[in-house]
Every structure is written in C-alpha cells, then in structure tokens.
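Single-letter residue listing:
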Amino acid sequence: MTTTLTTARPATRSGGFGGTVAAEWTKLWSVRSTWWTLLAAALVTAATAGQLAIYAANANTNDDPADDAGIVTVGSVLASSVELAQYAVLALGLLAITSEFTSGTIRTTLQCTPSRGRVLLAKAVVTAAVTFPAGLLLGGVGVLVARPVLGEWGSAPAAGTARDVLAFATYLALVAVLALGLGAALRSAVLTLVVLVATLMIVPLSLQEPDIAVLNRIADGFPGVAGNHFLAGDTDPYPAAVGLLLLAGWAVAALALGRAALRRRDA
Amino acid sequence: MITLRGLTKRFGGTTAVDDLTVDIAPGRVTGFLGPNGAGKSTTMRMILGLDRPTAGRALVGGRPYRELRHPLYEVGALLDAKAIHPARSGRAHLLAMARSNGVPARRVDEVLATVGLDDRAAAKPGRTLSLGMGQRLGIAGALLGDPPVLMFDEPVNGLDPDGVRWVRQLMRSLAGQGRTIFVSSHLMSEMQLTADRLVVIGRGRLLADAPITEVIAGSAVAVRVRSPQPAGLAALADRLTAAGATVEPAGPDELTVTGATADRIGDLAHELGVRLHELSPHGASLERAFMDLTADSVEYAGVPTGGETR
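Protein chains in written order, with the numbering used here: chain A, 1 to 267; chain B, 1 to 310.
For the record, the hints were derived by calculation from the structure and aren't laboratory data. There could be a bad hint or two in this list.
[Said to hold, decoys possible] Footprint (simulated), chain B over chain A, 3 or more residues, beta carbon under 8 Å: (1) 17-23; (2) 31-44; (3) 102-112.
[To be verified] The calculated label-pair distances, taken between Cβ atoms and stated as ranges, are: (4) A/245 with B/25: 39 to 45 Å; (5) A/160 with B/104: 48 to 54 Å; (6) B/14 with A/206: 39 to 45 Å; (7) A/36 with B/104: 48 to 54 Å; (8) B/106 with A/102: 48 to 54 Å.
No residue lacks a Cβ here, since even glycine has one placed at the ideal position from N, Cα and C.
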C-alpha cells in the first residue's frame, strides 16, 4: 500500500467526441453480454430464415418449378426473418444505456462527459458501428441457411441479394439506435422493450387488422412497417427510400427524446 | 476551489438542500458532516452536475461542472463505490473513464498501484468486488486525471482499519499538495482525525462552516471543577464569571463551568492558589459538538422503546 502520488499531470488531452466514442467502445466490449447478444442474434436469424425458407418451399406444390410463379428470392426470406432477429439486435442498443442506469455507472459516465447529448451520440455511433457490420454478417448467415433450404424454389440473384443484405443491416442498425434513444428516455430495459414491441409490432398489426384504408396509412408510418417496406423494396404505398427515411426519422426522434430526458432529469 | 451559492434542491415537497452558501478552499481537507439524510450526497451530486439545483449555483474552479470539457482533469470524485457494471472488470471501468477524457492508458496502472489494487483484483468483474475494493477502485477513478479538486462521499465505508488509515493519509497528502479535498462522512470521529475544516449540515441547512477546533470549542462543553477549598472555589467562580464563563454550583465542593476551557480554568486556579481535586471536561469532542449542532435536525430520530405496546 502506498500513498505516493505522481505529481506530473498527465499530458494527453485529446478527449473530445472521439474520446467519448472510445470510452463507449471500451465499455461495450468489456462485458460478455455483447458477445452473447450477437450470438443469440445469429442463432435467431439462422432459425427464422431456415423456418421461413421451409414454409416458402412447402407452399409450392407444383412439381415443376419452371412453370411456377412461387419461386422466391432468398432476400425476401431474409427480409421477413428480420421480424424476430431484430429483437436480439435492438437489445444491444437498449442495454448500452439501461445497464448504466441499473448499475449506477451512468453517474460515472456523466462525470466523465457532462454533455448528455455527446454521451448519447457517442453511444449511437458505437451502436450503429457494431450493429451494421453485425447485420451484414447476420444477413450472410440468413442467406447461407435459407438458400439450400429453398432449393429449386429459391433464387439468389447476386445484385439483388447484396442489396437485400445491405438493407437488412441498415434496418437493424437503425432499430438498435431507436432502442438506444428510447432506453435513454425510459431508463428501464423491460419498459423499453415493451414499448418497442408495441411500436414495432403490436400497434401496427392491430391497425392493419381491420384492413381499413385510413388505419393502414397510419400503420405505414410506424417504424417497423416503414422498415419492412424498405426491406421489401416496395413501391407502394411509398418508395423503399421513403421507408428508409421514415425509419431513420424514428431513430433520430428517439435520440432527441433520450437526450431531452437525460438533460432534464437527475442522474 | 468549490463554490456553493444559495444552493437549493427540492424533491417534491421535501427540501433536501436548503440555501447552502459555502466556499471550499484548496490546501486543506474540508469535512462535510451531517446525519444520514442531511443532504450531503445531494449536494455532491449537484456539484458534479448530476442533479439540477432547484435554485442557486455550484461552481468548481469558478465554472459549472456541466461546462467542463475534460472534467477528470478538474475534479475527481468518488460517489458510490458500488457503481460499476457487474460484468465489467475494474481495469476496463477505469480504462473507459480514461479514454473519455484523453487520459493516457498507462495512468490506469499508476492509479491502480496508488490505491493498492493488483492485477488480479483489477481483472475481477464488478459484481465480485467487496465494498472496500469498490472504494479503492472509486478513489483510483477520482485520481485518474490528477485533478486539483477531489470529492469523496463516505470513502472509508467498508474499509478495514488498514484501509481507513490509508485513506486518511491519502487525503492529508493530497491536501498537502495544495488540492481542494471535500470529504463527507457521518462519522464524527473520522472527521476529527482527517479534516482541517468542517461544513456541518442538518436537514439540508448549513449549521457550521468553521475550522474543526472552533466547532469543538463552540459547543457547550462543560468542565467539572472540584476543590476542597470552598472559599477558593468561590473566588475561582467569580474570576470565571468575570471572564465571561457560565458557572453553576453543582455541590458544596463542585462547579460546572461552560464557556471556558479546562486549560484556562486550571491556569486561573493556579493563579489564585486554589487546590483542585478534579478538572474534567465533559463531551469535549467533535461528537458532542456535532450532537449539539444537529440536535434539531436529525431526520430519523430514534424512538424510545420504553412505552411501546406489543
């Protein structure tokens, strides 16, 4: 045990936004749950894509695929598997902030970086920087599983599949950032997850159920539905790019909401 | 230098911190004393910009904490020793802190050595750390940026006697280097050994802000004086009264004196040639001074159990 102290002041002072990002990166990879979450995401993606591929193949009863319109692209199977796979990925964004409130480390974080906006933006950058490449990998996994299962009932045009994998990764990264922003506002992991399931699935599904035009239009504005239109490359009710913008808008709005909550409320 | 100006925090209807105006100066250990629930931690959280004051300001080096660009170089703080992610190692915790402020990574090893955490202890996940190890880790984090201002909230909690002594020495040496040391405690005895100056609060309100010797002297310390010489005792009583002390007879050969120290009374008795059989101060401790100061402001007073029905 020693009481001697170095009196020389540490010289480096880069810090800044890069420092905040580096700190968040260090935090994310210093807990094992990050790896488990990514592994879970891979398993869920593989299982869902495989399952959906089996359905697609079984739905075709014609013995001759050549004269059947039921051939699906592997990318469309991937797009549908996002429905479940996203929950493992958005947990990553969610836990990046809610675990800080649970463990009390949010106070250390804000002590190091008093700017709430900077902390949340750094977390968003790290979340996106991890979930986008992870999404590409997951997309690859989904394609590799779905393609052989689809067999002759599936097609995998190179350009189209690449576009679908890219869209899959983009969707996941945006949803993870949306979860992060919402987590910053709600602070509790469970509450955030409930709100996310409602926003991504339950509410839009309920709106679409009666198949009334007005309600369908409203549902089209929800992030999950918008994301699906983007993934499917739809042109109706709006172009895929609009779906992407809507989803991105939801992510940005969630971040703004989270920042406001972090600034206003005591840590 | 920490500057509090009319600092106030209300939670709903309760006032946790009430119009606190204090300067905490460099070069000494300032003890922050108060019963549980007095508002010590809330005050410290407001200094760190974690809680927003309802009114007033808390400044560090003349600036609000939220405006600091590299706060770890300005203020080091230990708030809650248990505030570490259960799965994250102590070293990773410190490394993340260091990176956020551009503190070189080698500094992490330096502060770990300073607080006496070896490689094995630093590699353990947060959930396995004892309270004492958590305190050391928290102190290491506070020292990372080698800041001129340091705040510790109940730093000796959970430490073994060795650790307690070490924290004491650390604070003294940090203050000796000209830093501002602000340390809270509800242990009066601890403060008596560490602090140069005391800021005492109760129910959020400032009760005392003075050198520790003054706080002790200012309390209603009674000195019992016994002498076998009644005439001499009467003469002594007169002299003491003339000197501004309060003297009450407590028996045929005994006086109770308040407002004069035992030293002073002994000197006077010597001057008057009065033989003393007893000269004993009662409650001349910070403990006593603290009780006097906070008597009206204890949030959770003990309830006598005598008349309880079962």
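Here is what the structure says about each hint:
For the segment 17-23 of chain A, the proposed coverage by chain B is satisfied: 4 residues have a C-beta within less than 8 Å of a C-beta in that chain, meeting the threshold of three. Check result for the segment 31-44 of chain A against chain B: holds, 3 residues qualifying (beta carbon to beta carbon below 8 Å, three or more required). Judged by the Cβ-Cβ criterion of 8 Å, the segment 102-112 of chain A is covered by chain B as claimed, because 9 of its residues qualify and three suffice. With their beta carbons about 56 Å apart, residue 245 of chain A and residue 25 of chain B fall outside the hinted range of 39 to 45 Å.
Distance hint check for residue 160 of chain A and residue 104 of chain B: the Cβ-Cβ separation is about 49 Å, which falls inside the suggested range of 48 to 54 Å. For residue 14 of chain B and residue 206 of chain A, the hinted distance range of 39 to 45 Å is satisfied, since their beta carbons lie about 43 Å from each other. Distance hint for residue 36 of chain A and residue 104 of chain B: a CB-CB separation of about 32 Å, inconsistent with the stated range 48 to 54 Å. A hinted range of 48 to 54 Å is violated for the C-beta pair residue 106 of chain B and residue 102 of chain A, which are about 31 Å apart.
In terms of the numbered hints stated before, the structure departs from hints 4, 7, 8, listed from lowest to highest.
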